[in-house]
Amino acid sequence: DAGVIQSPRHEVTEMGQEVTLRCKPISGHDYLFWYRQTMMRGLELLIYFNNNVPIDDSGMPEDRFSAKMPNASFSTLKIQPSEPRDSAVYFCASSFRGAAGELFFGEGSRLTVL
Amino acid sequence: QKEVEQDPGPLSVPEGAIVSLNCTYSNSAFQYFMWYRQYSRKGPELLMYTYSSGNKEDGRFTAQVDKSSKYISLFIRDSQPSDSATYLCAMRRNQGGKLIFGQGTELSVKP
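These protein sequence lines map, in sequence, to chains R and W. With the first letter of the first sequence counted as 1, position 46 gets the number 46 in the numbering used here; the numbers rise by one all the way through. With the first letter of the second sequence counted as 1, position 73 gets the number 73 in the numbering used here; the numbers rise by one all the way through.
Hints listed in this document are in silico derivations from the structure and should not be mistaken for laboratory results. Yeah, the Cβ is synthetic: ideal placement off N, Cα and C, and Gly gets one too. The hints are all genuine.
Footprint (simulated), chain W over chain R, 3 or more residues, beta carbon under 8 Å:
1. 45-59
2. 91-97
3. 105-111
Residues of chain R placed beyond 12 Å of chain W at every Cβ, according to the derived structure:
4. Gln17
5. Thr20
6. Lys68
7. Asn71
8. Arg85
Build the full structure now, drawing on both the sequences and the hints.
Printed below as a string of structure tokens:
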């Protein structure tokens, strides 16, 4: 299996622009998570889905952030408009309920907002 | 107060040393406890997993959970330069669902 696939790996954009991050989870996994990692705050859960349905979005910072999962093999995290404080590494992870604690992470999308 | 507290380090030790990494937590409902390892510019990978209290050993790694003290530990024996990474504790209330991470401790093992 190819693992969790994220794109783009790196994104540099200017303040005010729209940013879309993409994720393909591992086939057969029924949970999908979006995390954000910064030096100051560590790894923060933004939102997670179960069977394509958003379960908990309490970690989404504000209305500028939105996430969708239109089908079992694709999810997007969108930031509109982007701000410099959104600069971080964004990770997507997937898991299977029967596998207790193991989340499989992608390589991350490193976002820089100038 | 964060639900999970972890000293970010950095921690530097000589090769062969015993390393002790720790986390405390506030939510007594947590039942599943994990340690993830993250190499530079990579995603975290599961290293150890423990359900409820007790010890678990896997090679040079031992995970301990003390639910009465809300404290978990990871011990690395005979540490190697290849162990240099960031170690993140993580925990959740039940199977599936929300996994909460500590901030991570950056470990450097010097040859």
